[in-house]
Amino acid sequence: MFFKKKLKSYKLTHPSPSSSLPNNPKIQPENRLLKELKGNLGNIQHQLGNSSDIIIREIRIGKDESINAGIIYTDGLTDTTSLQQFIMKALMTDFSKAKEKEKLVPQQNLIELLKDMALAVGEIKNVTDFDTLYVSLLSGDTIFLVDGFDQGLIVGNKKWEERGVTEPTSQTVVRGPREGFSENLRINTALVRRKIKDPNLWMETKVIGTSTKTDVAIMYINGIVNEKIVKEVKERLDRIQIDGILESGNIEELIQDSTVSPFPTILNTERPDVVAAALLDGRIALIIDGTPFVLIVPALFVQFFQSPEDYYHRAYISSLIRLLRFFSYGIALLAPSLFIALTTFHLEMIPTALLINLAAQREGVPFPAFVEALIMEITFEILREAGARMPRSIGPTMSIVGAFVIGTAAVEAGMITSTIVIVVSITAISSFVSPSYDIAIAVRMLRFLMMGLAASFGLFGIALGLFSIVLHLCSLRSFGIPYMSPLAPFNLADQKDTFIRLPIWKMVTRPSLINQQNMIKQKATTKSTSIEKKS
Amino acid sequence: MKKIIFLLMLTTLFLSGCWDKRELNEISITMGIGIDELDDQFVVTAQAVVPSEVSVKGSTGGSPVTLFKGEGETIVEAVRQLSVITPRVIYPGHLRILVISESVAEKGLGDTLDFFERNWELRSDFYIVIARDMTAEEILSVTTAIESIPANKIFNTLNISDENWSASNVVTLDQLLGDIASLGKDAVISGIKITGDSEIGQNKENVTSVTPVARIQLNGLGVFKKDKLVGWLTEKESKGYKLITNQVKRTITILSCPSSGTISIELLREKAKIKAKVVNGTPEVEVSISSEANISEVTCQIDLTQKETIDKLEEIYSEELKEIVQGTIRTLQEDYSADILGFGNAIHRADPETWKELKRDWEQQFSSLQVNVKVDAKLRRIGTIVNSYQKTREE
Chain A
1 MFFKKKLKSY KLTHPSPSSS LPNNPKIQPE NRLLKELKGN LGNIQHQLGN SSDIIIREIR
61 IGKDESINAG IIYTDGLTDT TSLQQFIMKA LMTDFSKAKE KEKLVPQQNL IELLKDMALA
121 VGEIKNVTDF DTLYVSLLSG DTIFLVDGFD QGLIVGNKKW EERGVTEPTS QTVVRGPREG
181 FSENLRINTA LVRRKIKDPN LWMETKVIGT STKTDVAIMY INGIVNEKIV KEVKERLDRI
241 QIDGILESGN IEELIQDSTV SPFPTILNTE RPDVVAAALL DGRIALIIDG TPFVLIVPAL
301 FVQFFQSPED YYHRAYISSL IRLLRFFSYG IALLAPSLFI ALTTFHLEMI PTALLINLAA
361 QREGVPFPAF VEALIMEITF EILREAGARM PRSIGPTMSI VGAFVIGTAA VEAGMITSTI
421 VIVVSITAIS SFVSPSYDIA IAVRMLRFLM MGLAASFGLF GIALGLFSIV LHLCSLRSFG
481 IPYMSPLAPF NLADQKDTFI RLPIWKMVTR PSLINQQNMI KQKATTKSTS IEKKS
Chain B
1 MKKIIFLLML TTLFLSGCWD KRELNEISIT MGIGIDELDD QFVVTAQAVV PSEVSVKGST
61 GGSPVTLFKG EGETIVEAVR QLSVITPRVI YPGHLRILVI SESVAEKGLG DTLDFFERNW
121 ELRSDFYIVI ARDMTAEEIL SVTTAIESIP ANKIFNTLNI SDENWSASNV VTLDQLLGDI
181 ASLGKDAVIS GIKITGDSEI GQNKENVTSV TPVARIQLNG LGVFKKDKLV GWLTEKESKG
241 YKLITNQVKR TITILSCPSS GTISIELLRE KAKIKAKVVN GTPEVEVSIS SEANISEVTC
301 QIDLTQKETI DKLEEIYSEE LKEIVQGTIR TLQEDYSADI LGFGNAIHRA DPETWKELKR
361 DWEQQFSSLQ VNVKVDAKLR RIGTIVNSYQ KTREE
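Going line by line, the protein sequences match chains A and B. Take the first sequence: its letter number 345 is residue 345 in my numbering, and every next letter is one higher. Take the second sequence: its letter number 99 is residue 99 in my numbering, and every next letter is one higher.
Derived from the structure by calculation, the hints contain no laboratory data. Model, not experiment: these values are computed from the prediction. Take the hints with a grain of salt, since some may be wrong.
Stated by the list, open to error - Some chain A residues judged to face chain B by a derived CB distance under 10 Å, without partners named:
#, residue
1, Leu320
2, Ala359
3, Ala360
4, Gly364
Stated by the list, open to error - Some chain B residues flagged as far from chain A (calculated, every beta-carbon gap over 10 Å):
#, residue
5, Ile4
6, Asp20
7, Glu23
8, Ser55
9, Glu71
10, Tyr91
11, Gly93
12, Asn152
13, Leu255
14, Lys273
Claimed, not checked - Stretches of chain B that chain A covers, calculated by requiring three or more beta carbons in the stretch to come under 8 Å of a beta carbon on chain A:
#, region
15, 25-32
16, 40-52
Even for Gly, the Cβ is constructed at its ideal location relative to N, Cα and C.
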């Protein structure tokens with residue numbers, strides 16, 4: 001309740017920051033292309049501030065080279081080979097020799113003629129206003145203008161240097177596909193298409209960002225997806241009025257349900273197989289140009305503990321490993337706070353031998369257990385952050401310093417006990433078990449809160465903290481779906497893929513709540529038991 | 001407004017503070033407490049662990065435990081009086097053993113135990129023993145080898161002896177208080193004493209020499225009537241007590257052979273039942289014991305391959321057990337008239353009406369109670385060899 005209220009007040013006092021930016025208006029008179037080529041080129045040059053990567057080439061074509069034309073493209077974003085091969089050469093050499101050359105007289109509709117006959121390029125379209133021209137030009141298309149016409153041609157021959165399909169770095173698996181998304185939207189959509197060859201796999205692209213004009217593809221399987229959620233996603237995307245989208249994280253923050261929560265309500269992945277599986281469940285994928293991280297909505301709490309590998313290994317080990325993940329998550333959240341609570345409030349709960357051992361370690365250690373744990377946790381966070389930010393080549397030095405300073409020297413100097421080093425290490429390792437980085441970040445923050453509660457009230461404080469966290473989790477929603485489902489509200493059928501994963505042949509239905517149409521995933525008995533019985 | 005109320009509620013949480021927070025280096029872990037009396041005053045001895053000496057590294061060769069002594073009119077006063085000596089707060093949460101001197105036990109435990117039951121810091125799973133013929137302080141002063149913390153050593157000895165010898169009794173606080181409060185069953189506590197020179201036993205030499213000069217050892221069972229110690233059972237009688245109350249886990253019985261030598265029989269399983277019935281207003285108790293045992297040592301010339309021999313041995317063994325049990329009952333009835341066996345409870349269960357009559361003068365009734373003993377013993381295994389190798393050689 002508290003969180004909700006805060007959220008409301010936030011929304012009231014902070015009107016959408018970008019609402020004052022103008023919408024794309026209808027073509028203004030001054031926005032139209034001029035008839036004179038010189039004027040057009042001068043306009044472009046002026047508008048783009050004579051940028052050095054904008055190449056403007058003036059050529060002469062037609063009978064007696066009597067027609068002036070201009071080719072404009074952005075160097076580095078355009079395929080210069082095809083530019084020379086199919087545009088320049090076609091217009092200047094091949095075309096001039098041909099009979100058609102006779103037809104090229106200024107009075108005719110030159111543009112249509114060239115479009116239909118001369119330019120051997122797949123993607124080509126007309127342009128009449130400067131706004132569209134700039135977007136295309138800066139996306140890497142080549143613009144072709146002819147003197148005397150107030151329209152031009154956009155020739156689609158984008159090509160730039162990019163990373164190919166490589167193995168994803170954030171969600172690695174032992175068994176499973178090795179391909180990962182890259183920065184190119186087309187490659188990414190193609191990767192998903194290659195997995196789902198269903199005509200019902202629909203895609204809708206929106207351009208978001210007044211400056212960046214980032215393509216955002218909304219992908220779903222029609223007939224499985226819950227259409228209400230699709231509508232909601234589109235509405236939320238349309239509401240975005242911002243100058244730039246640089247990563248899917250920007251979109252995530254702008255469209256998520258609750259802004260005040262440490263827990264993520266949108267899943268991101270680098271893996272096409274995860275996206276494919278989510279689409280088949282009736283979820284919606286948002287592929288954003290320029291980032292390999294694809295968003296999946298709606299995302300539930302338990303989903304962050306499901307690794308793609310769970311479905312590639314046998315059900316038994318997958319179930320056990322998944323239980324292990326939930327357990328580790330608990331450790332990552334609670335280990336230091338439990339240690340503090342037990343050693344300062346509930347000594348009687350520690351076995352005698354261990355208690356004496358701990359007491360012996362604490363002899364001469366100057367700080368209370370809480371301060372000790374806090375120092376170690378903060379040191380670890382510093383190390384972790386440094387490890388993520390620093391240049392790769394310094395890595396080994398760093399780990400030596402970290403391991404040596406924290407692990408050995410601090411204990412030997414008598415500043416901290418070696419037990420706290422063990423506790424912090426276990427906590428750190430446990431926090432890396434969750435397949436999703438985002439859900440691990442949540443406990444990374446909450447851990448400190450729990451430690452404070454444990455130091456103040458012991459186990460009572462921990463119970464208090466856990467209670468608040470559960471309450472908060474139950475109040476969250478992801479695109480209208482309760483975040484904690486299928487646990488709260490409880491759904492027996494969906495337990496098949498929550499804490500444990502039942503064998504594939506047991507998973508007959510898709511998760512309810514997510515999709516309310518076409519629930520059946522497979523025919524009830526795909527398992528080949530009938531053959532076994534016969535023999 | 002609601003926000004203010006919420007914040008106010010939040011502050012109340014923090015007002016409670018960390019009032020019972022104790023850092024590990026602010027407490028002294030007390031594992032043994034001894035209670036003596038001196039001129040109508042209680043003397044409380046606390047055996048506190050010196051953690052750095054117990055831990056694997058960092059031991060400087062000092063004593064692993066240290067004793068603190070306080071005096072007072074009541075136990076609490078004596079315990080609080082400890083604070084004038086101790087460098088840290090006494091923390092009894094991990095108490096293993098409570099040693100009560102014989103003289104205190106003879107005057108009655110009722111007043112002594114109240115504190116231990118009432119104090120929330122204590123777990124009730126520590127054992128209680130009676131220091132026989134010496135003060136509790138002396139018991140707690142002896143150094144011990146292997147288990148460097150003496151309180152731990154006593155605790156472990158009680159456990160091991162209970163499992164393998166069955167002549168001592170493991171009593172926790174709640175059991176003891178239950179027995180004291182119950183009319184139909186009296187309490188039993190193991191005795192403990194030091195053999196050897198207890199003066200030298202306090203020193204480090206005691207554990208550095210191969211044969212310790214002084215050892216702590218369990219000795220007999222103290223019989224209580226209400227909360228007062230009235231006498232002691234011998235080792236054999238103690239075994240009888242354990243047999244009747246169905247507590248024997250393993251024990252050894254030695255039978256003499258017809259010619260010479262002995263046969264040791266190890267009891268492995270026993271099932272004892274106490275059944276009471278009232279015939280014409282007079283109560284009668286039947287103790288039936290069935291047990292299974294192994295032959296574990298043979299030094300006489302008998303042929304174990306013969307079924308008759310085994311049958312005969314079973315018969316003799318049953319007789320022996322019966323004798324032990326009857327001896328115990330006799331001592332209890334004649335010498336102490338203390339019903340530590342729970343016969344009163346058995347009668348209570350069998351015939352509550354009669355019990356109402358009997359319980360008024362149960363002490364006298366117990367002494368003249370008719371007790372029938374039935375023993376059925378079976379020998380199951382004779383070990384990895386059949387006959388004694390001496391016998392084999394003769395053949």
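Here is how each hint holds up against the structure:
Hint status for A/Leu320: violated, given a least beta-carbon distance of 35 Å to chain B, over 10 Å. The beta carbon of A/Ala359 comes within 4 Å of a beta carbon in chain B, closer than 10 Å, and the hint placing it at the interface holds. Evaluation of the A/Ala360 hint against chain B yields a held restraint, the C-beta minimum of about 3 Å falling below 10 Å. At a threshold of 10 Å, the smallest CB-CB gap from A/Gly364 to chain B is about 8 Å, leaving the interface hint in force.
The claim that B/Ile4 is not at the interface with chain A holds, since no C-beta of that chain comes within 10 Å of its own (minimum 13 Å). Not every C-beta of chain A lies more than 10 Å from that of B/Asp20, the closest at about 6 Å, which undercuts listing it as non-interface. Under the 10 Å C-beta cut-off, the non-interface status given to B/Glu23 relative to chain A is violated; the minimum distance is some 5 Å. Here B/Ser55 does not stay apart from chain A, with its beta-carbon only about 3 Å from theirs, under the 10 Å limit.
With a cut of 10 Å on Cβ distances, B/Glu71 stays outside the contact zone with chain A, its closest approach being about 27 Å. Not every CB of chain A is more than 10 Å from the CB of B/Tyr91 (nearest about 7 Å), against its label as outside the interface. Here B/Gly93 does not stay apart from chain A, with its beta-carbon only about 4 Å from theirs, under the 10 Å limit. Its closest Cβ contact with chain A, about 8 Å, brings B/Asn152 to no more than 10 Å, contrary to its assignment away from the interface.
Listed as outside the interface, B/Leu255 is consistent with that label: its C-beta sits roughly 41 Å from the nearest C-beta of chain A, beyond the 10 Å cut-off. The claim that B/Lys273 lies off the interface holds: its Cβ sits roughly 37 Å from the closest Cβ of chain A, which is beyond the 10 Å cut-off. Counting residues of the region 25-32 of chain B whose C-beta lies closer than 8 Å to any C-beta of chain A gives 4; at least three are required, and the coverage claim holds. For the region 40-52 of chain B, the stated coverage by chain A is satisfied: 3 residues place a CB nearer than 8 Å to a CB of that chain, which reaches the threshold of 3.
Hints 1, 6, 7, 8, 10, 11 and 12 from the list above are not met by this structure, while the remaining hints are.
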